[in-house]
Amino acid sequence: MIAVAVRWFLETAAARKFRVMGSGVRRVGAVIAAQAAVTALLLVAYLWVSNVYARFLVAEHRTAAALTAASLASSLTSALNERLALVRGLTTFVEVGSESGQLPREFPRFAEGLRRAVPGVRNISAAPDFIVRYVHPLEGNEKVLGNNLLQDPRPGFAETVQRAIVSLDVTMHGPVTLIQGGQGLIARQVVANGGVGGRHWGAVGIVFDLRAVLDEVRFDRVPSHLGFVLRTDAGQQVAGDAAVLQRDPLAERIILPDSHWELAIAARAGWLTLAHGDQSYQAFQAAYLVLALLIETVAFLAFSRRQTLESLVERRTAELGRAKNEMEQFAYAAAHDLQEPLRIIASYAQLLDKQQKGRLDEESEGFIREIVDGAGRLKMLLRDVQLFLAEDRVPLSNTPVLAEEALHNALALLKKRIAEAGATVIASDLPMVLADERRLREIFVVLIGNAVEYRHSYRAAEIRISHRRKEAYDVIDVRDNGIGIDPRFRDQIFEVFRRLHGRDEHPGTGMGLAIARKMVERLGGRITVDSTPGVGSVFSVYLPHHPFRGLS
Amino acid sequence: MTQDDSAPFDILLVEDDPADAGLAKRALREGRILCRVSHVRDGVEAMDFLRRKDQFAGAPRPDLILLDLNMPRMDGRAVLQELKADSDLKTIPVVILTTSDVDRDVNASYLLGANSFITKPMDMDAFFDAIKSVEEYWFRVVRLPR
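Chains A and B are the protein sequences, given in the same order. Residue 180 in UniProt numbering sits at position 180 of the first sequence, and the numbers go up by one each step. Residue 55 in UniProt numbering sits at position 55 of the second sequence, and the numbers go up by one each step.
So that you can see chain A by itself, here it is in the shape it has in the complex (with noise of 0.2 Å):
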């Protein structure tokens, strides 16, 4: 049942597989672990339930077979009860008769009442000193008379008589073979009364068929799915079927004078085969079947969803991804474009300054300066945004680098605008470095260059370069002298496009430290500011450090 709730799942898994495709197959693996998980809970819990269900079940089956059991039991007893009495009757007969001399003209006629009593009575015999002299019916049981019942030598027949003896009540033996075919129940009783010199006169005896105790027993009232058998306490077995012991049976004892018999009754499949059987028990199943299904089903159902939703998810983190890289390679694009335009617009301006100087009024030639003015800051803003865009596309160059020859070529840069400021740089030996020696220039650049733009009005910019170990990395601190950062303002400064400044003031694209900061990140490392309002800034660069052998 739970296999085919499975198969029903993998199929419509598989289905699904086809649906969801790419990164799905995946995702439909996991759907599947998940369903398995249910699929697996509800097995064990079937197990549990079926197993506690099914032994619900068999008691109620043995609570039903033990009451089959007691009335088989009372019947077999008040049938045996009913023969035993008889033989009790003929007892009491046989003594009266014998004292009165009338037994063997009455033996007959007494007889033929007892036959006549129940059916089944094989014979009625009379046996003075031990020795058959009266038996009824005649007819095809002469090979009785004469029979010395103390000398028999079929097993267990004489030890019956000695029983008796002792007992002086009914004893019963059998189921033994007659020689008049089938087989019987021998009951005897020793007539104590009417003896010679204070002996036993003798005994008395009824021989019933068997078959006659068990059909009036009625055994075949025991229902079809359940077996039985009835043996005698020496373990002789009476009827039924012996397999039965094997079947955890329920057991009932029939209480005879001398002895008792045992009848048990079992599941003939066993137990719990009829409890599985039980038509209860396959509702049971069905029912569970369907709540499983529903359970299945209701699980399938979440677990997809949430695999929708994870798929969507990735989806549209795809497309983000996707629409960013796409925008940058807008941006890129578009600032490369914007160029030839604006190398166009900033030629003509200076093509008409030049053929017009001397010829235009002053006001004129201001415009034609604006534009010019104008068109070079757009193309160092472009120059700037390409920059910033390209960074992550430009390859590292991860080969070891003395940060000093970078510096060197900065200032070769910045030559003309430390000059003009009038600044001062001093630097301190720098280490060797795993960077690239056009990003770590370019950093450098953006730090000096700031130092010198941002230098105080009432002094001389001073710069320090210098270098120091920090854990794991090389730091080269560039220290200026200048206005400083209100704190406020110094996690803004590395944003794109962020100036603290009016472009009058101090020009500038507001891309310098943003691309800096890319560039030093590219390289590993993380880029640091601390400053005093109106006593300067520090700039820190931490790089990786790498211990170059034999290079430094």
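One or more hints might be untrue.
Claimed, not checked - Calculated cross-link-like contacts (lysine-lysine; reagent style DSS-like; alpha-carbon spacing at most 30 Å):
id : chain 1 : residue 1 : chain 2 : residue 2
1  : B       : Lys132    : A       : Lys415
2  : A       : Lys354    : B       : Lys132
3  : A       : Lys357    : B       : Lys25
4  : B       : Lys132    : B       : Lys90
5  : A       : Lys354    : B       : Lys25
6  : A       : Lys357    : A       : Lys379
7  : B       : Lys84     : B       : Lys53
8  : A       : Lys416    : A       : Lys357
9  : A       : Lys416    : A       : Lys470
10 : B       : Lys132    : A       : Lys357
11 : A       : Lys324    : A       : Lys379
12 : A       : Lys416    : B       : Lys84
13 : B       : Lys25     : B       : Lys90
14 : B       : Lys53     : B       : Lys25
15 : B       : Lys84     : B       : Lys132
16 : B       : Lys25     : A       : Lys379
17 : B       : Lys90     : B       : Lys53
18 : A       : Lys324    : A       : Lys357
19 : B       : Lys84     : A       : Lys379
20 : A       : Lys354    : A       : Lys416
21 : B       : Lys25     : B       : Lys84
22 : A       : Lys415    : A       : Lys379
23 : A       : Lys354    : A       : Lys324
24 : B       : Lys132    : B       : Lys25
Stated by the list, open to error - Far from chain B, some chain A residues (derived; all Cβ distances over 12 Å):
id : residue
25 : Ala33
26 : Leu47
27 : Glu82
28 : Arg105
29 : Pro108
30 : Ala242
31 : Arg253
32 : Pro400
33 : Arg498
34 : Gly510
35 : Thr528
Hints listed in this document are in silico derivations from the structure and should not be mistaken for laboratory results. Virtual Cβ for every residue (Gly too), placed ideally from N, Cα, C.
Assemble chain B onto chain A, guided by the hints.
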């Protein structure tokens, strides 16, 4: 399209942007060497000009080609490829004059047989200087095939 029929040198300028072409022509005119500049707007026209097709039936064979890379219809790379595969035209020196400064473009151009690669300077003076030095170099310093 052509100017000064008596000039000793012929230059073919392949440039789609008229403003850019105007600047280049002006720079060439300011140069000290007298030359005749023919201007075409894309690669198809350039090839027609060189092969004297249709409207260019009477076109002169240029001594130097100034070639832009990014153009409509047929771009500079395709022109370069076709030019260098033509046994008659392959001897004409080609100077790439473009806004591109991408290494890939530079390498590809030289690989296709370009003789020089110039990224147009943003500044007008620098641009004029570059054009003038091209003129100077090819028409005064080196010896051209005849």
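(request) Please flag the earlier hints that this structure goes against, numbers listed from lowest up. (result) Per hint list: 9, 12, 18, 19 and 23 violated.
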